[in-house]
Amino acid sequence: MSLPSRPATGIFLCLCHGSKQARAALPPSALWPHTPRSITTRNTLTFNNTALATATASASFLQYQWHRNLDSSSLSQLPYTTSIMTTLADGLSLDTLPSESSATMTTATTTSSSPTTTTTKRANTVCHGIVDSLEAKLPEKWWETLFDEMYLKTDGDVVENADITADEVDAILNAVALPDQAAVLDLCCGQGRHLLELSQRRSDLQLFGLDQSAFLIQTAQARADASQKNVHFTVGTCDALPYEANSFDLVTIMGNSFGYFERAEVDQIVIAEVQRVLKPGGTVLLDLTDGEHMKNTFSPRSWEWIDDTLLVCRERQLASDGRRLVSREVITDTNKGVVRDQFYAERLYTFPELRAVLEKASFVGPRQIDILTGEKSDRGGQDLGMMAHRMFIRASKAPTEVQLLTMGTQASLPIETTDTASEQTISGVSTPGTAKLVVVMGDPSRPSSEKLNQTWNDEDLLTIEKLKGVVLERFQQDREVVFLNHHDSMFEALTALAREHIPPVIFNLCDEGFNNHARLELHVPAMMDILGLHYSGAAPACLAICYDKGLVNALARRLGVPVPAEVFISHETDLRQLLIDEAAATEFLQDLDFPVFVKPVRGDGSVGITADSICNNVEELISYVEAVRANPTVLSKDVVVQEYLQGEEVSVGVIGNPEMDAVGDVIPDSALFLPILKADFSQLPADLPPILSYESKWDPESPYWTDVQYKPAEVSAEHRRQLHQQCALLFNRFELRDFGRFDFRFSKRTQTFKLLEVNPNPGWCHDGKAALMAQMAGLNYADMIQRIILAAEARIEKARNAQWKL
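Numbered per this note's numbering, the sequence shown spans residues 40 to 845.
Note that these hints are calculated values from the structure, not bench results. Think of the CB as a built atom: it goes at the ideal place given N, C-alpha and C, for glycine as much as any other residue. One or more of the hints may lead you astray.
[To be verified] Taking lysine-lysine pairs in the BS3-like style, the calculated list, with each CA pair at most 25 Å apart, reads:
1) 475 to 736
2) 793 to 399
3) 736 to 750
4) 505 to 318
5) 180 to 318
6) 192 to 318
7) 475 to 375
8) 334 to 176
9) 717 to 793
10) 736 to 717
11) 507 to 475
12) 399 to 787
13) 717 to 399
14) 750 to 793
15) 676 to 736
16) 192 to 180
17) 192 to 375
18) 507 to 736
[What the hints assert, rightly or not] Here are the computed distance ranges between Cβ atoms for each label pair:
19) 175 to 656: 39 to 47 Å
20) 539 to 612: 47 to 55 Å
21) 406 to 540: 46 to 54 Å
22) 661 to 501: 39 to 47 Å
23) 836 to 570: 39 to 47 Å
24) 651 to 590: 37 to 45 Å
25) 686 to 243: 45 to 53 Å
26) 389 to 590: 23 to 31 Å
27) 569 to 516: 54 to 62 Å
28) 304 to 750: 26 to 34 Å
Starting from the given sequences, assemble the full structure and let the hints guide the process.
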């Protein structure tokens, strides 16, 4: 089922029967009856009887010349009539349909609010004359009366065109490689044209069609019977599909059959239902008008002759919200007069908007793969309306499982359950090669720019000792292990290592930066690059980009990863002058509402983030920005003001190097996604905002250190898949290597997780986030460190063999 293809462009002709007074005297049921319907058996659909009014009146002919090209010769060809009588039979029944056949028609429980409810009987025709607002005339459930035999007449040159159908099925088969015996659902299938063509091409496929229109399903079933095609047709609702979860390899929504509902939230429900019935790894294909193109190019009015007796005049307008296109069709029969005056609407989605809908339902890799047109129609150059320029969009349901990277032994890790990693997996890992292992770290003899009072405390020194212990435990039997942490002689030491006959592998844990200066973190791997040394973790360019939150958010937004709304404030900005009054503040903050979250735009270790970062009004915002500028430990004086997300905060850890396939999906066995970790703020004092501040990392006396707990995040399987896909995308685009962590916070407004930070060389300490996530996966601290080192060595060896970048 698809929308009528060309609502109105040119002249509009209306035949109004009887006077306004006569029309006003008609009972409401004669105008737009909404006949109740009931479903009595699986194979029989009947309607409750209703008294349909008929109206007969003398006709007056009203002409409206709404197009400058209209002339007398055109008018002479238009039909005149003096009366009209429309009668619809009671008790429409499908009892004669076979209960079992090679192509079966069934009915499914429907909801009255759905555009896939069964077609209702039509009232006596009323012509509304001039209508200033088409939206005001739009019936609440317009779809119940639109898709019947008249629809196949007025749109037959497209929806009944065999060449167009063949081309669209070509596009389907080119977009997805269907396995043998694949199950395919065509949602809003209309008269079954795509499924019948598919059955002609692939007799092995299991084909199912669902539509709200009993007439169109009856037509589809009859055609399938006649051609002996094994297709199963069902009358049902698209927002409550009558199928089990994980049933289909492919779901198609063709011919502008999406976006009918007044509320966009119901469209989201439809897509969620599609996601539910798809098998893991299955595909959805959407054929939908390009909303931006349509909004900019639609013609307000048109008319055309369908055949020798049937004239269709069309008119359309944007709805008041600018998001839907409302259309009107006045259909005139030369022998009967006006037989239809009907209104319908469709939401105009752009690709970014539709991508957001798909990703919210946890689809991965949505992309526009083609543009479809109706150029082969028999319309002789007339306006094709919504069929003229359509997006053909593909998205996938994520696979059920991801695989652990184990360097020789693989273990399955179901996404829907708590992530686990077995001891057998660890014992099966062997250390490749015998190269010296050099661990590069911060220098405890020097002050550190990020630490509290720039001083190494007892916890910091204990962390170093525990790290040394597990590295020696796992590697010293096979190779020499060296710890390098004296920065005064670091360059000389690295130079000497580069001259060795067998260059070492360097485990780079120097996240403090060269000379313990945070802004010089990238200089440590830069020295190694200059000397040709191979090392774990991110290269300098990645570290430079991820140090700047503004750059990270801008690039993530371009990749389609949700990020908080934000505005940038330069250190040179006179904030008090900029926010001089409420109007100025509103204009500057754009869509941001208080409270807001203020952060230094560049930095690491949560420096510059405290309880006062959450600002509830303009004065608090100005005060905290001034405090950041005055704080000598905050290296960046530029700040970002972000929306304050008050949902749960989670972290996703990745060990290995996730790879993407040709369509942008994660290759399941390419990396280990650690269990998702949630920050639990429930024990924090009530006067402290639930955030991970600087104190949570560096001040053992702070409630942020003592009272914030961590636990496994209870996220849905769909959100888990979405987070994994987004992290893999970010991992590759930012060029992280071997180990990374991504922090997100849930937006209650959009019901999505939004990216807070990309951490290319994240914290590695024994009681940090990564270690906790590893523990949740059944890995101890030594296991985690070993996996990171082995992931780096595997990447280096692969690159060496391929003579590719290291």
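Results for each hint:
1. 475 to 736: Measuring from Cα to Cα gives roughly 32 Å; hence the hint is violated.
2. 793 to 399: 11 Å, holds
3. 736 to 750: Holds, at about 17 Å.
4. 505 to 318: 45 Å, violated
5. 180 to 318: 31 Å, violated
6. 192 to 318: 37 Å, violated
7. 475 to 375: 93 Å, violated
8. 334 to 176: At roughly 20 Å apart (the allowed maximum being 25 Å), residue 176 and residue 334 satisfy the hint.
9. 717 to 793: 14 Å, holds
10. 736 to 717: 16 Å, holds
11. 507 to 475: 15 Å, holds
12. 399 to 787: 13 Å, holds
13. 717 to 399: This hinted pair holds, its Cα atoms lying about 20 Å apart.
14. 750 to 793: Distance ~19 Å between residue 750 and residue 793 Cα, so the pair holds.
15. 676 to 736: 21 Å, holds
16. 192 to 180: 22 Å, holds
17. 192 to 375: Distance of about 16 Å is within 25 Å: holds.
18. 507 to 736: Status holds; Cα separation ~21 Å.
19. 175 to 656: 39 to 47 Å: 42 Å, holds
20. 539 to 612: 47 to 55 Å: 52 Å, holds
21. 406 to 540: 46 to 54 Å: Since residue 406 and residue 540 have Cβ atoms about 49 Å apart, the given range 46 to 54 Å holds.
22. 661 to 501: 39 to 47 Å: With Cβ atoms ~41 Å apart, the hint holds.
23. 836 to 570: 39 to 47 Å: Given about 19 Å between the Cβ atoms, the range is violated.
24. 651 to 590: 37 to 45 Å: At roughly 25 Å between Cβ atoms, residue 590 and residue 651 fall outside 37 to 45 Å, so the hint is violated.
25. 686 to 243: 45 to 53 Å: Holds: the Cβ-Cβ distance is about 46 Å, inside 45 to 53 Å.
26. 389 to 590: 23 to 31 Å: 25 Å Cβ-Cβ, so the 23 to 31 Å window holds.
27. 569 to 516: 54 to 62 Å: 32 Å, violated
28. 304 to 750: 26 to 34 Å: 31 Å, holds
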